[in-house]
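Enquirer: The listed protein sequences derive, respectively, from chains A and B.
For what it's worth, numbering that gives the first Met the number 0 labels the leading residue of the first sequence as 0, then goes sequentially.
For what it's worth, numbering that gives the first Met the number 0 labels the leading residue of the second sequence as 0, then goes sequentially.
Heads up, a few of these hints could be off.
What the hints assert, rightly or not - Once the Cα atoms are required to be at most 25 Å apart in a straight line, the calculated SDA-like pairs of lysine to any residue come out as:
| # | chain 1 | residue 1 | chain 2 | residue 2 |
| --- | --- | --- | --- | --- |
| 1 | B | K31 | A | G47 |
| 2 | B | K133 | A | R57 |
| 3 | B | K132 | B | V56 |
| 4 | B | K112 | A | M82 |
Calculated from the structure, these hints are not laboratory results.
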Amino acid sequence: MTITKNLDNSALRITLEGRLDTNTAPQLEAELKNSLTGVTELDFDFSGLEYISSAGLRVLLAAQKVMNKQGKMTIGHVNETIMEVFEITGFVDILTIV
Amino acid sequence: MAEITIAATLENLDTVLAFVDQQMEAAGCAMKLMAQVDMAVEEIFVNIAHYAYHPEVGEAIVRCEAGGDPFQVVVGFADRGRPYNPLAREDPDVTLDAEQRQIGGLGIFMTKKLMDDIQYEFQDGQNILTLRKKG
Chain A
0 MTITKNLDNS
10 ALRITLEGRL
20 DTNTAPQLEA
30 ELKNSLTGVT
40 ELDFDFSGLE
50 YISSAGLRVL
60 LAAQKVMNKQ
70 GKMTIGHVNE
80 TIMEVFEITG
90 FVDILTIV
Chain B
0 MAEITIAATL
10 ENLDTVLAFV
20 DQQMEAAGCA
30 MKLMAQVDMA
40 VEEIFVNIAH
50 YAYHPEVGEA
60 IVRCEAGGDP
70 FQVVVGFADR
80 GRPYNPLARE
90 DPDVTLDAEQ
100 RQIGGLGIFM
110 TKKLMDDIQY
120 EFQDGQNILT
130 LRKKG
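Bound-form chain B, shown alone (with noise of 0.2 Å):
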């Protein structure tokens, strides 16, 4: 499986995506499914960049791995940062309105949404999400 280490600052976006990108494009992924991955790997990073560490920069290691039959993506994240596990955040009510609607939460819902199996494990101090999407 591929990897990179890489500061968690928003920054560093645009190289996670194109490194993820660029696994699965090697691999002949659909672009369906690639946009769909590159939606939920921002929305993991991006909570990574913002919360792990804060106000501290730390690192992030991102692992993808694409290809199979069936056809299948996975996506690591594992960071030091303080021990957290978004998947026992509750869903937002995604049936209000403009102005009663809650944005916090949406990204992390959308990932659910989006994947087909979200893992979270906290081991040997590290915050290890994995994602994992079928073509």
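Excised from the complex, chain A in its bound form (with noise of 0.2 Å):
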């Protein structure tokens, strides 16, 4: 997988490319802790994200508890193959899908 960051003042956009399954969600999860402080707008980009396995939604969960104490946090790009994931798991109520 992919990660790549753009912030703009404390506006983080992070592009995902390939699968966020459980060897590479850990990479994810280390970046999403170092870069959060400050960041009051958080937008995933998943054009390039293929796949989301429960340790993706893990860290998708724990990145949307930080950001309802700090501002906001949405998801664009949505594949039809993530977007079953994130209907059957109850996660598109969590979520804020764009």
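Fit the two chains together into the complex; they arrive one by one in their own frames, and the hints show the way.
Expert: Pasting the structure below:
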């Protein structure tokens, strides 16, 4: 998985490419841990993300909890397969998918 | 049915996915179905890697067959770890908000929802889990 970060003042855009799975989720978790201080807008771009597993959901949930306290978080360009996972797990109600 | 025998470790997840993808690709499986099966395979294999032999490491057998009319993918897992039926686990409450969410059990829940059918049996000292999904 490739993670690209783009910080514009307090708005952080994170673009993910590849698979957010058991083996790559810790990478994103580490990136977020170091990047969210002072961020009030977090936007994920999933246009290059093929796939998400429960390990990936866990990291998104943790990010959502942080952003609930300090601003807002959105996820854009979610493909059909990942959307299905968000729907069956109820994550559509937790996340803001744009 | 093609099969591989492999140490049940997280490092081998990519090898298992590549094996399953290879069978599905050779059978001309649709991308969406492949992605759904991959997700299920990951959740099951990771469960075996985490729990079946913990803290030891043991082997898992993964079998895969794709094809037929109607098109169907079947993936079987066998391990000789402690007996464990993941289907007996209670489903998580997927209506709770972010703060109250319990994340455990989500992987097997996703697998149940993504697949058409999952069977578990404990036979000859082996946990045998079989996933089926029609194209």
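Enquirer: Check the hint pairing K112 of chain B with M82 of chain A against an upper bound of 25 Å on the C-alpha distance.
Expert: Between K112 of chain B and M82 of chain A the Cα gap is close to 13 Å, so the pair holds against 25 Å.
Enquirer: Does the alpha-carbon distance linking K31 of chain B and G47 of chain A stay inside the 25 Å limit?
Expert: 15 Å, holds
Enquirer: Given the hinted pair K133 of chain B and R57 of chain A, is their alpha-carbon gap at most 25 Å?
Expert: 28 Å, violated
Enquirer: Given the proposed pairing of K132 of chain B with V56 of chain B, does the C-alpha separation stay at or below 25 Å?
Expert: Since the Cα atoms of K132 of chain B and V56 of chain B sit roughly 29 Å apart, the hinted pair is violated (cutoff 25 Å).
Checked against the numbered hints given earlier, this structure breaks hints 2, 3; the rest are met.
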